[in-house]
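Protein chains in written order, with our numbering: chain A, -13 to 238; chain B, 3 to 951; chain C, 4 to 311.
If you're looking for bench data, these hints aren't it; they were derived computationally from the structure. A few of these clues could be false.
[Said to hold, decoys possible] Listed next, the in silico DSBU-like pairs over lysine-lysine satisfying Cα-Cα at most 35 Å (straight line):
1) B:LYS916 with C:LYS240
2) A:LYS225 with B:LYS283
3) B:LYS533 with B:LYS637
4) C:LYS133 with B:LYS836
5) B:LYS637 with B:LYS41
6) A:LYS209 with B:LYS637
7) B:LYS199 with A:LYS209
8) B:LYS55 with A:LYS209
9) A:LYS209 with C:LYS215
10) C:LYS215 with B:LYS199
11) B:LYS248 with A:LYS225
12) C:LYS215 with B:LYS916
13) A:LYS(-3) with C:LYS240
14) C:LYS240 with B:LYS836
15) A:LYS209 with B:LYS836
16) A:LYS(-3) with B:LYS199
17) B:LYS328 with A:LYS225
[What the hints assert, rightly or not] Interface residues of chain B toward chain A, partial, derived using beta-carbon atoms under 7 Å:
18) PRO7
19) SER63
20) ILE195
21) THR215
22) VAL251
23) GLU288
24) VAL290
25) GLU292
26) VAL295
27) ILE297
28) LEU353
29) ALA354
30) HIS790
Note that beta-carbon positions come from the ideal geometry of N, C-alpha and C, so glycine has one too.
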Amino acid sequence: MTMLPSLPTPKKLGLVIDLDVCVGCHACVISCKEWNTGGYGAALSDQDPYGSDVSGTFLNRIHTFEVTPDGGEVVGEAGDARIVHFPKSCLHCEDAPCVTVCPTGASYKRSSDGIVLVDEDKCIGCGLCAWACPYGAREMDLAAGVMKKCTLCVDRIYNETLAEIDRVPSCVRTCPANARHYGDFADPASNVSIMVAERGGIALMPEQGTRPVNKYLPPRPRKPLASTLPLAENTDGAKGFFAWLDGMLDRI
Amino acid sequence: MSSEPRLALSEPVSDEVRKTTCYMCACRCGIDVHIKDGKIRYIEGNRDHPVNKGVLCAKGSAGIMQHYAPARLSSPLLRTGPRGSGEFKPISWDEALALAVDWLGEVRARDPKKLAFFTGRDQSQSLTGFFAQQFGTPNYAAHGGFCSVNMAAAGIMTLGGGFWEFGSPDWERTKLFVMFGVAEDHDSNPIKIGISKLKSRGARLVSVNPVRTGYSSIADSWIGIRPGTDGLLVLSVIHELLKARKIDVDFLVRYTNAPWLVIDAPGTAEHGLFARDGDGKPLIWESVTERAVAIGTRGARAALSGRYQLEDGRLAVPSFQLLAEKYLDDRYAPDTVAYETGISADVIRGLAAEIARVAFEEAIEIAQPWTDMNGERQASFIGRPVSFHAMRGISAHSNGFQTARAIHVLQALIGAVDCPGAFRFEPPYPKPVEAHPTPHGKAEHFGSNKPLSGPHLGFPRGPEDLLIGPDGVPNRIDKAFSWDAPISAHGLMHMVIANAHAGDPYKIDLLFLYMANMAWNSSMNTAGVIKMLEDRDEATGEYVIPKIIYSDAYASEMVAYADLVLPDTTYIERHDCISLLDRPISEPDAVNDAIRWPVVEPDRDVRGFQSVLIDLAGRLRLPGFVDSRGTPLYKDFADYIVRHERRPGIGPLAGFRGVAGDRTGRGASNPDQLKRYIENGAFFSAHIPLEAQFFKHANRAYQDFAVKMGFFDTPQPVTFQLYSEICQKFRLSAQGMREPVAPQTHRDRLAAAFDPLPDWYRPLEEAGVDRDAYPYHALTQRPMSMYHSWGSMNAWLRQIHTRNVMYVPGAICDEVGLVTGDWAWIISHHGRIKVEIARSDAVNRDTMWTWNAIGKRKGAWGLASDAPESNRGFLLNHLIHELLPPKGDGMRWSNSDPVTGQAAWYDLRVRIEKADPDDVSRPAFVAVGTAGSTHSSPAALRYGQEWNE
Amino acid sequence: MHPAPSIILFTTLSGLGYGLAAVLGFGLLDPSATATKLAHVLALALIAGGLISSTLHLGNPQRAWRAFSQWRSSWLSREGVMAVLTFVPLGINAIASVWSGRYLPLPGMLGAVFCGVTVFCTAMIYASLKSVHAWNTEWTPVSYLLFALAGGLVLASFFSALGGNAHPMLPFLAVIAIGAAWLSKAYWWARLGATAALSTSESATGLGFIGKVRLFEPPHMNGNYLTREMGFRVARKHAARLRQIAVISGGVLPALLLAVAALSGGPSAALAVAMSGVAALLVFGGTLVERWLFFAEARHAVMNYYGS
């Protein structure tokens, strides 16, 4: 079971995350939590929820980075550094190391659509898959003792009790900035494939050889105001201005 | 290899979906609450809802944890220990209401002004205001005074409505969007939806904000301005536009008071006021026949410049001449303002050029004929697709009123108001200042056992409308509408406790607060306010503020300071009304209102505050709440929502009126109205005809629509007030030229602040302290995933912001020798806090900042006493005084905008010193017991686990 | 990586156990000696103790049997399978020695090979993880095998001395193995110091094209499973000190003790037993420190997202 599918999966379902519009609001983080805590598998527990060491299981988290340009690109009108909000969840890798290391067969990659899942009934909670994943996509639920991860809302995307339009992951459904897109990367004509092609979508840590399905759209270059062509100023002073104004009024 | 497990992928999400309105912030999104086994399974955005169109933010999705938080209050409480101890005994509602009626009734009979009734994050101000008015105290307001009044007042006085809840950018069409100091926890879903949309179209987003987080982080251009200098930046842009002749002259003549003649008679009581005809209509100079005629005279060619003699011999100039002369001056040139704003002249010039280019070279046209208020048919709507938005970063400065005015004037100058692609009004706005009431609270307006003779809040047209005694002493406890803050249209809630404690202007007997955390993050000088609440009269041993009634759903810090606590429900359990009479949720193209209804019944002995207020009003037999025999008119808030009529046919809700539920806006009350709302997804939406969608201020079809809907009884077109005659009246009083004249003590301050044309002056705290001793700014940003203090009781949200640190610019870190993780003292003229710092380079060079209201007091909000919020988290409030530093004049002025009384949170100046590492931020406070919370906190949460088993 | 005591104890104990069992499998000790019988029991006890210790960190140990199923892809599963398989020859060897005082060459050699394979599997669990640069090298299995062998030889020296019939070669072999083990560790450390991690914050975020990437705010203010599990990092100064302690206590001192004991021509039997016993304890302690460092010095790629 923890062998990866021998053939490329006919579908490669995943997410495109647009770093150019993510404002870091955490909507996807919490929507994910509330959907999944009552959904697939064990609840996402929170330890010490009202105390000092509060810490819970999340399948999607937003990191915030400050990026200081090496030079060259102008990033803004003042200051140097730029803030980039960075949502991160399972990338549903094609060569998912988390799957192959699993000793029990609990971790698997679906041969139909490429979603990487944990069969919690088989999970012994050894944590090795979390070690194998360079992205931090897997978190052990301390109450259940099983590994939790993004399911791509497998219980939404195929859920026939939901309206067709709602058969998308909860994070995509809720994102106010439309920074998250769901689709089939195996289909070159899909929304996600087109977006990745047009915007130069990137894979995270390609050097790890994991071939992540999810892609990130990099922030667009900023447009400096300082290099905008300034207005042609008229230096006639107030008198000249009022003369011009009179001319304008005649034309109205 | 075994086969893949079979998964049950089509399980129903829930047993039932109940649609209501979110209340995790003031955004008021529609939500679908999925109910499973009587519990909340899942909350998602309502796709049909006009506000959020299906999306939902982190707060909204965390509603489950808000609803089930252990911090919920569970029964009425009577204080047993000293204030702040958090010691209470639970009492019954009968006891609680009897006690409240006893206290309130006694005050009402003896001296109604001894009740101060103020509400915080209230969304039912038309009810709470109505209650206060019928009660008869002059002392009522909501929290706008410490939140947004600069923005609201400047918007209404300039355009008839402004940013925030009065309008929004035309997200679909705008090509350049400039936002100033936006609070990222307000109106957040519409803004996020909007900026994403415009960015995907390739439109440009410019953010003016000292801090580059949130929206600023994705802005195409970030202008990291020095706090409090935005006005200067805007006026410099105006300077550039005027110099380059990039203004919309046609728009100015048609829709603004640019041509109105201003009397030029220095040293007289009329100087600077508009010349008017016998009917009071302002005059313009008709330049063909060379005479002054009333505005609206057909065929008149109005002059915008010149100096003219009126028939009575007085001289007058078009107001635009004054405007142009003022802003063409070199003191507004980019090179002049660059140092003060911290923005290079090139950037200012670039911003002006970009605004001009998009406004005039990328104009758009919607081929829809329409008729203006002069009856002239127009072929199409011409749009200048430049839009602006501004919020707290402008508002919370003591020069915020003028800065907000400057932004509105800028929009009018380029013709970018309520046209396609620009800032657009949301019904029932625009509403000219004349259509707003004047404030009530003069001595003749109230008395024993009688209602106030009119609404508390409004817009003074001049000093004659101030609520002051003959000696100039304020009538209101917060000194609103006095010489201290003449146009304080939302009151000054942040001054109530300090004034009541000082007995200035008088002491009060009863403080009645709703949803306002005045004992913590909602007060400046928090430690001082706590002491004021705890202080006792030495002679009597009684508290200086003798009685406090407080209503809240959660064990906030303020609960611990109440004598009587009326526990509110959660937003999931209550009726509410998002009303056009109140803070509407309309869009530019549609009139909207909404309700909340109990989608889950309370499991505790709690009641919705509005129902409690109606109950109290009935028991007190307040007019408007009881019939002639004294029988209560309304069973509860739901009943009130349906049956109350403010004017005949006009009630809290505009939808499904009339006996058959087929009337909109005006109509008889419909007993099935709430049912119809619930069926419709808890909201109502009426689309504005295309012909009426733009230029609403001057659009006949819109004005007719507004009358039909019942916003007004007659059309209320707006002429944009670039030049403010109201301000000039106050300035004349300040100059001693016009009756009533301002007291000597206030003259300089008023004269400086009430420029009739938007001006910039240095924020008052910055002007009052030694700038070298306090060289930096410190301010808070609103995190998107936390609404003020509302979120720390939420197990999911509090994980995101468990504690806060002070972000310090890299240059300051290097200078002081600080690295991330170090501790530092931040010191203001008023106090010092010791906090953990972190380095940031994405911030204005002179500005340090932290997330707002993350610091909590030990014991409050149902948190453990070692919670990071109350140990390492902190408030900036300890550095901010409600009064400005003493000056030579012997006065202690409120730390507020001198025009509106808006709390000047962002004027704070500080210095920073490295400190020894610590475990606890300073000042550290003792615990407030459990602040009334009785629920026990679990060691772990596994929400929804039962659905897995 | 978080140096979890259960895992450190597991790899150390089982390494010693497998090393000892392998030496026994080669028949270098008198099978009939009581000390040898004790050695067999100890080897099995160490292995079993290690395995039990390793289940302590499981979230659902009752399902541990499932871990034998995925030997085709998972080194952890292979290790489990091998651990069980290895018990068979080791059990036979132990039984033969304890009950019959005999040495069986075939099960003995097979057991020795299985011991090696099992330790190799254990090492490969770590070495196969690309996400942990420090571990992702062939020097990991090399050093695991050499440490197991060294530990086994030291223990064997002790038992052979205890049996009173000291095999003269054992202490020498042990000293050589100790040297080889620490030499391999030196290579491992040298590689760690000399090579850059496969991934950086820049590659992890894909933002390197803009510039230098620094964590501004973690996703949640408190730590989480990932930071607790993988966020541990020992200070460089602290690590250098611990390396010295590990090398001296687990390498230099035991080698000296064994060499002195052997070269002095076997002082008194009791002294030889004591010296080789102390050497065994030192090797155990030194290996514990080495294993602690094995985790503590390893940085997981996920920490590129957490700013440390």
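Going down the list of hints, with the structure as the test:
{"no.": "1", "hint": "B:LYS916 with C:LYS240", "result": "26 Å, holds"}
{"no.": "2", "hint": "A:LYS225 with B:LYS283", "result": "29 Å, holds"}
{"no.": "3", "hint": "B:LYS533 with B:LYS637", "result": "40 Å, violated"}
{"no.": "4", "hint": "C:LYS133 with B:LYS836", "result": "43 Å, violated"}
{"no.": "5", "hint": "B:LYS637 with B:LYS41", "result": "28 Å, holds"}
{"no.": "6", "hint": "A:LYS209 with B:LYS637", "result": "59 Å, violated"}
{"no.": "7", "hint": "B:LYS199 with A:LYS209", "result": "18 Å, holds"}
{"no.": "8", "hint": "B:LYS55 with A:LYS209", "result": "30 Å, holds"}
{"no.": "9", "hint": "A:LYS209 with C:LYS215", "result": "20 Å, holds"}
{"no.": "10", "hint": "C:LYS215 with B:LYS199", "result": "29 Å, holds"}
{"no.": "11", "hint": "B:LYS248 with A:LYS225", "result": "16 Å, holds"}
{"no.": "12", "hint": "C:LYS215 with B:LYS916", "result": "27 Å, holds"}
{"no.": "13", "hint": "A:LYS(-3) with C:LYS240", "result": "50 Å, violated"}
{"no.": "14", "hint": "C:LYS240 with B:LYS836", "result": "31 Å, holds"}
{"no.": "15", "hint": "A:LYS209 with B:LYS836", "result": "39 Å, violated"}
{"no.": "16", "hint": "A:LYS(-3) with B:LYS199", "result": "29 Å, holds"}
{"no.": "17", "hint": "B:LYS328 with A:LYS225", "result": "13 Å, holds"}
{"no.": "18", "hint": "PRO7", "result": "5 Å, holds"}
{"no.": "19", "hint": "SER63", "result": "4 Å, holds"}
{"no.": "20", "hint": "ILE195", "result": "6 Å, holds"}
{"no.": "21", "hint": "THR215", "result": "5 Å, holds"}
{"no.": "22", "hint": "VAL251", "result": "4 Å, holds"}
{"no.": "23", "hint": "GLU288", "result": "12 Å, violated"}
{"no.": "24", "hint": "VAL290", "result": "10 Å, violated"}
{"no.": "25", "hint": "GLU292", "result": "14 Å, violated"}
{"no.": "26", "hint": "VAL295", "result": "15 Å, violated"}
{"no.": "27", "hint": "ILE297", "result": "16 Å, violated"}
{"no.": "28", "hint": "LEU353", "result": "5 Å, holds"}
{"no.": "29", "hint": "ALA354", "result": "6 Å, holds"}
{"no.": "30", "hint": "HIS790", "result": "16 Å, violated"}
Hints 3, 4, 6, 13, 15, 23, 24, 25, 26, 27 and 30 from the earlier list are contradicted by this structure; the remaining hints agree with it.
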